[in-house]
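Student: What follows is the residue order along each chain.
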Amino acid sequence: MTTLRVNGRAYQAAVEDDTPLLWVLRDTLGLTGTKYGCGIAQCGACTVMIDGTATRSCQVPVDSVGDADIRTIDAIEEDPVGRKVVEAWVAMQVPQCGYCQSGQVMAATALLKQTAHPSDGDIADAMTNLCRCGTYNRIAAAIRQAAG
Amino acid sequence: MDRLLTAASPSPPSPRKDPLELQIEAQSAIALMKPEGVSNLSRRAFLGFGASALVLGALLPSMPVRAQAAAAAAVKPGTRIPAFLVIGKDNAVTLLSPFVEGGQGINTGLAQIVGEELDVHPSRFTVECAPPGPDYAVINGLRMTGGSFSTRSSYPLMRRLGATARDLMIRAASAKLKIKPQDLTTDDGFVVHAASGKRLSYGELAPAALALPPRDDVALRDPAGFRYIRQPVARLDVRAKSTGRAVYAIDQKLEGMLYAAVRHAPNQGTAVEAIANEAEVTAMPGVHSVHTLPGAVAVAADSWWRARKAVEALSVSWSAPARSGFDTVAADYASDGLLAALKSSREAGLPAEAEGDAAAAFAKAAKVIEAEYDAPYLIHGQLEPPSSMARFNPDGTLELWAPNQMPELFQSVAAQAAGLAPEKVILHSPMLGGFFGRHFLYGSANPFLQAIQLAKAAGRPVKVLWSREEEFRMDALRPLSFSRFRAAIGADGRPTAIQARTVGEGPLGRWFGAVFKDPVDSSAVEGITEKPYAIPNRRMEYVKFPHPVTIAFWRSVGHSMNDFFYEGFLDEIADAGGQDPFALRMELLKDKLRHRKLLETVAAMSGGWKRGPYEVDGMRRARGVSMASPFGSETATIAEVSVQGGETQVHTVWVAFDPGSIVNPAIVKSQVESAVALGLSATLFEELVYKDGVRQSHNFDDYPILSRRSMPAVHVEILESGAPMGGVGEPGLPGVPPAVVNAVAALTGQRIRSLPLAKNKIGV
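So the sequences go chain by chain: A and B.
Per the working numbering, residue 1 is the first one in the first sequence, and the count goes up by one each step.
Per the working numbering, residue 1001 is the first one in the second sequence, and the count goes up by one each step.
No wet-lab data here; the hints were simulated from the structure.
All figures in this text were calculated on a predicted structure; none of them were measured in a lab.
Virtual Cβ for every residue (Gly too), placed ideally from N, Cα, C.
Hints may be right or wrong, so weigh each one.
Just some of the chain B residues that point at chain A, by a computed CB distance under 8 angstroms [stated by the list, open to error]:
1. T1164
2. R1245
3. E1312
4. A1313
5. V1316
6. W1318
7. G1433
8. G1434
9. A1458
10. G1459
11. R1468
12. E1717
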């Protein structure tokens, strides 16, 4: 039995130690806002924050998380920076199919928590998640807007 | 039909091959052929919305054949208000859409169109994909989400539907208030009597309103007074999609459901011969059962991760593929082998377009040039991996949640697979996490038949999810394509004749060949034929060469490679004749005002046409131009590139886009930006290679797609020429590959005739 702290709540999960955090979130805890895209940490659809750092949860074995603070898209609006990011995403009309956007919003929130006013270079370095709809320019614009 | 069957299901080399697959393919083909008369329909009539009453109800495979004709006669698609609008007592409006939302923004567009006439603000709509049914066959009797058809096919119908419903509300209010209809008006979901200030909500009027006979002559709003149509109304789904609340097929869950993971045969078309360790795998944690499927093994478990670990632990022996040949994916099948076969084909071509006397023009030419172009297989790469969920209900129905672009067809095929009547299959069509053509019916490339089979075998609801690796193995592909061009150039440097020979296969012929019997597959030659240029003598020919692999519609279909071929070669013509490529296009379009305007616009957007090379910040850059006429719309595109260390960097793409008229300028711009990104991804990076009978890419690490690093600035300008409404989702793509390749040629002198650029060494 693994104990996890997700979005400020404690959860227990009866899963094998090597189960990726992604699948514990989605199938065991029912938090399906975090998406599966590739399973090899290439696309970033599964991005969550672990102790404030954007992390691709498909490559995180659940037993490595310990009592770290896991934040997922499902509670993004409880976070003041996350809320600003969501408002910017809506204002810039970023999503198209939307499937990658959970991960994009999490990556952007983690970036702005670390760097309140990111340069274009900071955005390029931090925002490596893939988007098949090609919303990259709007994502960058939304991050700049959220940064104020 | 024989060809369709063979192509869809390579002949099984193993006697253990489940006959289910073949049977389903046959049924889908048959369903598409009904009723009589449809088979005479040309694609042109179909796509051009010609006077083809013939097709009304023609492709409604959800009902038995005879019932279809009767139902088609009884139901005029897009007219029965209760099939489309549900207005609750709380005045909440739900619109049941004929289309599937997958990022293109159709839900918002429909809310604008219906809301404009109904007088309800689009933001107050909830839009859901409608269940299967004849009411939704609004594309000339066909229902699908594709071909960039949704808005242009339904625009007049949906306006009329909204206006008719509004009229019913007014008449119901008139009866209730005993006030003449002409003294009543509406205001965002209410019928209003201005003189008395009385207001009745649509919600409270709806039951009485829907009982009234609808009129078929209600006046539509004057476009000059539009409030929602042509406005950049906010998308209905962005907040849910920015907060993880949007629900896709992969997110759905049923009580008592098992999760299933699948492993497909290493060689497509082979079958399971034996599983050596079924008992051990069945004993793994959470595993419910191990299954053999056509061309695959599956494990059902209490979580997907456990199912996946178990299915990968299975020790499976597979039947051997055929050794050689192009009838199946043989052991030696290779992309370069197929390309060589396309190039060496000597078969006589069928005329796809013929004008003037090309042979005579070549005989008199001052100069003749010739070139061969090719483009590779591509995956769709939609970020949501395919999944499907099936449940057999106690009342004898099968409930199915399956990503799809054609609900009635999926329902029909599901019914066949389950041995049920189509009306016993309840199909849900979830929002798509991207599609780009991925979710048409592609035989073994769709997971829903596996879900049905597993739910039946396990006796419980099952959700099948393909890992990204399985999706790379099974996705239906944009076909590898090849064309050979020749041009005759006169003494004045202008082209007098052009010839093209296209050898290959398109998805329309593969999947709808039973319906569109034209031996020239338009999806293989579009973008080479019907170009706007005044080259007086033309001979374009097509040779069908069926691929053994599963081929697909892919955003902009034949245009995705053919406009690259043609527009690249047109720059070669310009160079050979000593002409500037932009000036030559203007010259060849001198009688085509719509096209000239687009070229002028895109040039102005980019600060005036300049080919280059020129220097920016000490680096040499150059530009390329192209035009395309896809899906009833017109585009002109300019790309600016530089090359560093053999890699092409695209800095800016400008697109002037004329879809005739539009519904939502913000969504149109987003769609063009998105199409540019996908077109650029294909231009720069993408190539699915077959070698030794298997695909060489497995995931996004060995099949790179466009990332932020390679995303150019994109500028889009919409021109509304007033021409008949064209498509929006796909047309932004075809101009991108040739504009980029033409810019690379201007910069380096290197003419790229084979995509992607990544496999070519580019040097300044």
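Student: Which hint numbers does the structure go against, in order from smallest to largest?
Tutor: 1, 3, 4, 5, 6, 9, 10, 12
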